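Whenever a hint applies, use it, and build me the whole structure from the sequences.
These are the residues of each chain, in order.
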Amino acid sequence: MPREHVLKTRSLVAGAVALATAVAVQLYGAGTAAAYGPSGPGPSDNSAHGGPILDDVHNVPTTAVAGNVTFIDNVKGVSGYAALNFINYDKYGHDFMFANGTGGLAIWSLKDPQHPALVSTITAAELRLPGDTQDRFWEGENMTVDPKRKLVFLIRDPRGFGGTVKTGQSGVYIVDVKNPWKPEIIVFHPIPAGHTSTCINDCKYLWSVGPANTGTPGHDPSWNGVPVRVTDIHDVKHPYTFDRAVDLDRMDGTTDYVHSVDVDKNGVAWVSGEGGVRGYWTEGNHYDPVQKRKRVATAYDPVPYAGGTVDPINPAGTAFYDFFDHNAYHPTEKVGSFDKGELLYITNENVTTCSQAGEFKIASLKGSYDGEGWRSTPEKPFRLELISHWSPWGKEGSATTGSCSAHWFTVNGNIVAQGWYGQGTRFLDVSDPRNPTQVGYFRVPAGQGVTGGSASAVYWHNGLVYVADYNRGVDVLRFDGKLAGKADKKICWNSCDK
Amino acid sequence: MRRRGAVRAVALGGTALVVSGLLAACSASDEGGSVPKPRGEITFGVLAPLSGDLAERGQDLVDGAQLAAAEINDQGGVLGRQVRLAVEDGGCAPATGAQGATRLAAKSVVGVIGGLCEDAAVAAAKTADATPFLVSSTRADGLIEAGLPLAFPMEGTINQEAMAAVHWMGYRSPQRVAVLGDGSPASRQLSELVTDRIKADGLTVSMRSAGTTGPDLAGLTSTVTGFEADFVYWTGTAEPGGRLVSALREAGYTGYFMTSSESDSSDFLQTAGRAAEDAYLSMAAGPRLLPGAAGWAARFKDRYRRDPGRDAMQAYDALRALAQAVRQAEDTDPSKVVDNLPRLEDFTTFTGALRFAADHSLTYDNYVIAQVRGGKLILASKLRTD
Chain A
0 MPREHVLKTR SLVAGAVALA TAVAVQLYGA GTAAAYGPSG PGPSDNSAHG GPILDDVHNV
60 PTTAVAGNVT FIDNVKGVSG YAALNFINYD KYGHDFMFAN GTGGLAIWSL KDPQHPALVS
120 TITAAELRLP GDTQDRFWEG ENMTVDPKRK LVFLIRDPRG FGGTVKTGQS GVYIVDVKNP
180 WKPEIIVFHP IPAGHTSTCI NDCKYLWSVG PANTGTPGHD PSWNGVPVRV TDIHDVKHPY
240 TFDRAVDLDR MDGTTDYVHS VDVDKNGVAW VSGEGGVRGY WTEGNHYDPV QKRKRVATAY
300 DPVPYAGGTV DPINPAGTAF YDFFDHNAYH PTEKVGSFDK GELLYITNEN VTTCSQAGEF
360 KIASLKGSYD GEGWRSTPEK PFRLELISHW SPWGKEGSAT TGSCSAHWFT VNGNIVAQGW
420 YGQGTRFLDV SDPRNPTQVG YFRVPAGQGV TGGSASAVYW HNGLVYVADY NRGVDVLRFD
480 GKLAGKADKK ICWNSCDK
Chain B
0 MRRRGAVRAV ALGGTALVVS GLLAACSASD EGGSVPKPRG EITFGVLAPL SGDLAERGQD
60 LVDGAQLAAA EINDQGGVLG RQVRLAVEDG GCAPATGAQG ATRLAAKSVV GVIGGLCEDA
120 AVAAAKTADA TPFLVSSTRA DGLIEAGLPL AFPMEGTINQ EAMAAVHWMG YRSPQRVAVL
180 GDGSPASRQL SELVTDRIKA DGLTVSMRSA GTTGPDLAGL TSTVTGFEAD FVYWTGTAEP
240 GGRLVSALRE AGYTGYFMTS SESDSSDFLQ TAGRAAEDAY LSMAAGPRLL PGAAGWAARF
300 KDRYRRDPGR DAMQAYDALR ALAQAVRQAE DTDPSKVVDN LPRLEDFTTF TGALRFAADH
360 SLTYDNYVIA QVRGGKLILA SKLRTD
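Going down the list, the protein sequences come from chains A and B. Numbering that gives the first Met the number 0 numbers the first residue of the first sequence as 0 and each following residue consecutively. Numbering that gives the first Met the number 0 numbers the first residue of the second sequence as 0 and each following residue consecutively.
FYI, nobody ran anything at the bench for these hints, they're computed from the structure. It should be emphasised that the depicted structure is a prediction, and the values quoted were computed from it without experimental measurement. Since no wrong hints were added, every one of them can be taken at face value.
Partner residues aside, some chain B positions facing chain A, computed with beta carbon under 8 Å: (1) Met162; (2) His166; (3) Ser172; (4) Asp200; (5) Glu344; (6) Ala356; (7) Ala357; (8) Thr384.
Cross-link-like lysine-lysine pairs, in silico, DSBU-like; alpha carbons within 30 Å at most: (9) Lys293(A) to Lys198(B); (10) Lys489(A) to Lys181(A); (11) Lys335(B) to Lys181(A); (12) Lys177(A) to Lys198(B); (13) Lys291(A) to Lys198(B); (14) Lys149(A) to Lys198(B); (15) Lys236(A) to Lys181(A); (16) Lys203(A) to Lys236(A); (17) Lys489(A) to Lys198(B).
Now the stretches of chain A that chain B is said to cover, found in silico as 3 or more residues with beta-carbon under 8 Å: (18) 181-191; (19) 233-241; (20) 287-301.
In this text, a Cβ means the ideal position worked out from N, Cα and C, and glycines have one as well.
Here it is, written out as structure tokens:
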């Protein structure tokens, strides 16, 4: 029996016990607000969670292909999801999980971390703005939250709700989740950017980025994509977006599509997109290698730190996706033989045939600390050294068809947990950065009664792994392999203010 | 010396307002307390000081509302009904504001616009507490603090003016900011709001106030030069502000200089002379500054034979907003109209989309940045991206 089948059988036992059967029960019909206060009527008053819970859909992946991974539970909420985030509530003594996707926002109590309990939702219909033609939120990748003020930010892409990049409305919904049973939309704030967003400086500012150039007012016709837009959210009732973008000229001198911002443990905001990954100080007094002077860094006028892109992995590659660094993580620690903070872990997204799909990359920042990445031109391109790259193509647990590109990941110690669309969740040991090695996987092919998986983002969280899946909702997993490196007390990604 | 508070005087471009005589016509058109009929006319109230020192501004406000009503009627009215205005003198004191509101309520107006003095507007809103009231020309702080459920101020708060200044500083990337004031309560409040915020962003800031009777210009100037400031923000009144920028330039200061809306006056430009060149002002948007208001200003001038002031522009937008809310509500019921005011569809003022926060403050206020160029004020930034 192939190894993967042995693992699958073992891994699914726990899940099968936990879930007697796949259930699909919606107690309340369409049109009924699915938010209940702890003191109000609810379908299942479970005080153990701090309030009532809603019935949810659980899809048991009996077809799963897994290695070193145990499936624990699956929850659906309102739809599939692009991203998750977590907030701890002293009041309740445990975390709540937030997910956003095409169906809107769903919130679960993690009183029992293995079995999220749905407590409330804001549906896409409830997020519609005047002029919208569909109840389809799009799409909220790299969801950001303010754990102190208990706020969730739903970033709206212009392609949501029936819009297009040229006609749609982008911006952010700011949602008050002080009471997770009663999330309240404080405001929808228009921003001329809206693919992902990240809290900056303890969530006093929001950096919103992407997508491709919308051609709407505020966009320079010379831009190939939307860079970083800075929004002051000190006062969430009155957000203010600066009419000056950040991280311009990123693709060898041309302003291009920024896709993600991820803050590291030192507070450097790493901006990923077409043309590479560049880090910025957003607080404090720092030497600016571009302006050649020491100055105060702010969220609206950050100081460049380091970064750039690497030569395409595909030797013939010169197209957009060859330089599309989708998101990144900067480990501030020493890894392997590399210096402390030298490495950059990068997702290259490229949705193409599986053998050439986007990969996970590791690059060295050496040689980029003097503004080189800001002076790169087509004639004199600056490139980081590529240390290694990895793809599931041909690896254990992989299919040869379906969607195969690298996507969002988080890091615990030296284990990268990453979503790969149809190739599921992959666990990579990067203790030797020159040789990333798969140490676990979980992939869900479609089958009778089983929703096939498309893993968007994978989150280490309190000893478990939660997967935001575009099709399945959220899968709760346990990595059964050995954790390499020193386990992180705080899993740092997106805003890192957790 | 002008101060914030009860009255926020707004420059009218030096053009004397001509009382148009339409007031009598307006008053004659009121409905005398009868309940609006299902068909026929919709009556909106206009509350403004029509006597005393502020009569010219009050008339400007009324004229702006009249122009809006005329254009709405030319386009078919609201819900198929013609719009009429009932105009009342609200004075500039709480008592007169309340009396004016009482008279309008007796005329069963669908909603009220206007309000030029803060205390009078708050009293009027409290009195006419069953009528939607778009308060067009007074700072919002008192109305927001009062928490009046049917009142919607169309001006910003002092905090919003402070943030306009802070955000504009952000565009200039200063490192060391001097916040200077004249010691008055309003100046001090604005200075503190700005200073606190700049500090929070990590910039180095020095705040200093001088006496209201005669700012110590030499002292303030030495503060700026000794501190090596690269940005100066003046929160005091216009004339001393003009003298300050002159003294600073004479002392060799080459950094940015910005004033608050208190310097939205010819006094600043006249006192500063050439030293005012390139200075910035954070101020409420008016028709003189907004290129998008040019066509409207021409129509106004064609009708009234004079240039419009800010109050006319604000009243014009307020009446249009109120009419839009009625259209969306498909009803004149106050609660339905109020429900629609925070979510006006495809509705913009001369500064952009009009949106209200849950506390009824403007989500995007109407503070803009002007710059002195060639001795005149021009629009430097609307501070908006929507």
